[in-house]
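Participant: Single-letter residue listing:
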Amino acid sequence: MMKNSVRKILMAAFSVCFVLSFAPGCKSGDKPKEAVATDFIIRDFIPLDNWHRDSNDRENNSKFISKSIFLDYTNAFEQGFIIPTVNQLQEGQFEFSFLIKNTSKTPKKFCFKIFYQNESYKFPETDPADTTKQNMYAWENFYGSWEDTGKTFVETPEIPADNDFHAVTGRFRITGNPRNELRYYSGAQNDRWKRNPRVGWYSFMLVVTTPANITGKVIPDYMQDISRVWNNTFVNPYFYFLHGEGKSLQNTVAMRSPSELKVIAKPDPGAGIYVKPMFFHEEKDKKYFCKTCGQSEELYKNAPFEQFIHYIDPTTKMNNIPVIADVLNEGYSLMDYNWNKQFYRKEELVAVTASTTKYPCQTVASVPEEHKITIKNPGCEYGNWQKQNVGIITRHGLTYGKWTVKAKLTELLNKDNMWNGLTNAIWLITQEQSEWNYRRDCNKEGYMANYYGGAQDKRVPKVGYSEIDFEILKTVPYCPSYILPPAYNHGLPDPHNLSYWNVPLPEEVVADGGNIEVSCTNWDMACWEPQNFADGCNTIQYNGQTFWAHRWDKGYRALTEKTPEPDDELFGSKYYYFQIDWRPEEIIWRIGPSLDRLRVVGYLNSTVSSIPNNQMLLIVTQEFHNTKWWVGSMYDQANIPFPKNDIPGEIYEVTVE
Amino acid sequence: MKKLQKRLIIILSAVILCAIIVIAGVKYIPVRKLLHISAPPEKDFVNLKQNSNEAPDALFFDMEIDPTKSQSNKFYKGIAHSGQYSAKAFGKNTYSFSVERKVSDICKGKKLDAVSMSTWVYSFPGKNEPWGAFVFAVNNSMGVNICWKGIQVSGKQVPRGKWFKISGMFDLSDIKIDPSCTIQIYFWNNSNTDFLVDDYYIVFGKQQERKGDTTITDMTRDPVFHSKFNTPPYPVFYFEKQESGNENAALVSNQILQGHFISSQGGREDIFLGGGNSPARLLSYCSGEFTEVKLNIPAEISSCLRSGNAITGCFQNSGNSMILFSGDKGSFLAGFEKSGNPCSGKEATMKIVWRSAGKDPFGKGKIVACDIDNNRITEILSIANDGSWKIFRYSGGQNGNWKVISSSQIVDFWNNKDQLSVISGRFLQKYSYDVLLTIFKDKGSRVYQYSLLRFDAASGRFLPCFAEKRKGFGRTVGIDTLKPGDIFFTGIFDKSGTPKVLRYNRDWRYDLKEIRFNDTTFQVISNIDFKGYDRDHNPKYYESLRILSGQFLEPGINTLFLVAKNKKTVTYLPDAAGTYSWRKEK
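Residue numbers (the working numbering), protein chains in the order written: chain D, 1 to 657; chain U, 658 to 1243.
In silico BS3-like cross-links for lysine-lysine, where the CA-CA straight-line distance does not exceed 27 Å:
id	chain 1	residue 1	chain 2	residue 2
1	D	K628	U	K868
2	D	K644	U	K1241
3	U	K1087	U	K1128
4	D	K346	U	K768
5	D	K628	U	K863
6	D	K628	U	K767
7	U	K765	D	K346
In short, the hints are calculated from the structure, not lab data.
Produce the complete structure using the sequences and hints provided.
Facilitator: Quick look at the structure:
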């Protein structure tokens, strides 16, 4: 890998960039620095020498700039994301280079190793209380080096002591499970997809030392081989070399490149929808299968989405009015609602739960030409009463990220502000609840073992369940506690006294008529570890905004914030953006008409709620909730008609960065 | 130690202990919270009517007080959520105006199982942190508090210097609350921040369970619906509103009759409006709207329209409908002189063609107009209380008279019933003439029964249409039972030409269904609803809905003429009349 000749071209490029350091792409302060050790000097560490997309995804051949790359979904379902793939770079690896000058008196070989770390979604490397110690969560950061962790430091060819810089090059790629942890293996197979590379900015650190420091274990084994642990924990090389013992090692330098790489996941909604055979394996199930939706090998390997099949909780059964109506378009009013609420006998009702499709691909479609997915809650007719949920789920798990969905989901309210019963949900859910995807231990009382159940259920230290939600529906706010529930008068079924059965809603509910509640929830499984863990209504501040977080009781598994927003704006416009910014220590929910006009509608952090750190998938759904989940709601799902016509939604973009 | 010293120490200790108990009691036991608070008399309120909210089981207090009354010092003028006054709770351990009610007065026999309440609160700005509660308390007949619930308002987040609403609901189903108990609702200020409260709204009780026993159709057990005979839910068919104009003339009439009064038998039916305080009117559908035909009506008829009963029918072979009035002063038969085209604008003159000479020839029993022998002439069936009957036919002509064409022995179905209704109509397709649907309840029975009878001219008897083994009774299958108060409409409602039977029941809610009689029973085909009305003014929502069925818009096809009214004027649901035609789509 070493090239003995001085890379004059490289130098020339560097010089040009240096001169143009105030030009776009060459950030001020990117001026190469030298790292000086007793026997050598390092400079011009270029981590992505052969990748030429700048941070705005434009072709740019400058060397000392930050760059970006989109995750390649080809075959990523089975092998995990690889950065870069052979589709992106012929050699399938990034090439890095640096210059080294031997300042000793004799020619020598040196040893080097490259490290990368995701910077966007990491814990600081040092303990905030004692910067000489590693942050207790820094080992969770996504860092890596050579894919083969057994390949420790690599020797350079002999570098002459000629007072000149010599170029050294190497290659690497970013893959999942970079520490090759057995936790992510299935038997002998390293399932790198179980710990996929995170999105966001990656930094690169070059460590150069002498062979003696390697063979003499001056640099310890656990730093030469990052798969090894020390004191039962992994040691983050960024901590070790930049803040820990490695910082002051003789003849060892760690150079962090100012150039970084931005990794973006952008699954194409037009690239197909896979259908899991576990739900649908009979031939009759497949009548709506097509090239872009089904169970073909091609879709299995490459489709970025699946049809989402909801788990239907049988306890959510409700006795629904037997009315079929197009609430959104047929002028369904509160008076209609009130009459239907009062004047159907039990015998006339239809017992249902929300349902899921019998025929996959009937209610979801991937449209390659428009790079979109369409979904629809099917309309129904007499005898086929159903409130069918619909949605899609991504197939490639990620930890953290700014998950942005551009979508036009169905309007929820009609012009009389009557609700059609649907909840539009954009949410993240654990990729699997298996051991490999367990969340960080909860060290105070543990997590509730299951996501369902009561407050007195079993607690366990580890759990695989995680969920972060946008659930948008017509309901009421929970906080402050003195507003819940509104004082409803449910009226009486007296048809000869209009004011007895057609009772208006409370004035505050009417005043909020055109709004829907954007509910932002983190399922922390009632882990009591956060220092400000509490039940009831409590405020939390973020950038001058105050949010009310609500938890029913200390055994309740989720913390929710609600913000009223106009239905017409979110779902009546051409599209809207919904963003879950899931960070190691906080979650920020944003919405807006465009990416540059997002506003914060929810905020939680690790002082009040355990933030998940396992791998999650994105789901976008239009679903019928039993309103017993939404205490105080003005409308009961059971009193809302079955949909007469299909209720469509469209998903245009999904980006995780 | 001397005895005296010991005593002194004991006494001193006891005094100190008592003092500690008293101080701790004051501090930690919510004595004031549980105290009975006397309320100002509610008659001091200005808006007493408004305070008794229209919605059921609810109280509303807007705090608008007569300032001359003794309790006005409990109220604050100038800062109010509504009106001018609000109730004060100034200073620590103070109470606002308190609502007091005996449970027996608010629950009227029902269990007080929940209370929902709301009020508007104004917390004055200041340094002290506010702490208050909107309290619901129950004292038993001995004055002992048995329930205390509060909606707490406290903390730094409480808005200051502006009105905000608080609300809550308390489930009381676990608490034994006797009718003799007294409830109190008030705002308790337990802080040094002053509060105002306004517009109490209190709702007693939980949402009532729906009527009925149990839900029958369970799609979670079997996702494929198997329709069962006479088992709901039924399909819904719709009648759609037609633009016909001027129907609202019917709103002021309490006598609405239909028939071919001036139009010919093959034409559209007219609507004759009488009674009430407005003059009689005749509406005929011309050029897309109901047009009022100029009338010339004898005063005698006009007065009778206001008080008497009227039956319509084609009592003569002219094909035109006539009206048989019966009142205190006897009966008379009247009809319009033929005017040709009802849309010609010509005046229509009504004339009396027959008058009873004193005593009504039909007796005092039940009178049914029917064409029992398919001769297209309406006969009058008169049924006496003992089940005996006579059939009258009008002989026609200038000196016409009613003649008994048949009479016979007692019909058991009509004999001495607790409730009885006899309706004529084309209930069975196999008979081209009217049959009689008899619905009744035997004395002492809770069961409604029914039968279909047809007149057999040869034997001069009424014969049951249902199987003999059931002794002519029709079976009732399912929860839908025919009732004597039901109104039936038969006829052809769409181009298919298939006759339909509609049954309208208003015992409870609006309930219009299409049914079909067969040899043993009746089958419920569908529910009938409406489409095309203005805004959300579905006719079925009105407190009163009168339905007529006739060929108002199109010869040969029945439409419904609906007159929908409420007892009081309601701006969001104004009284309305309109015509509705069968709509093809479900």
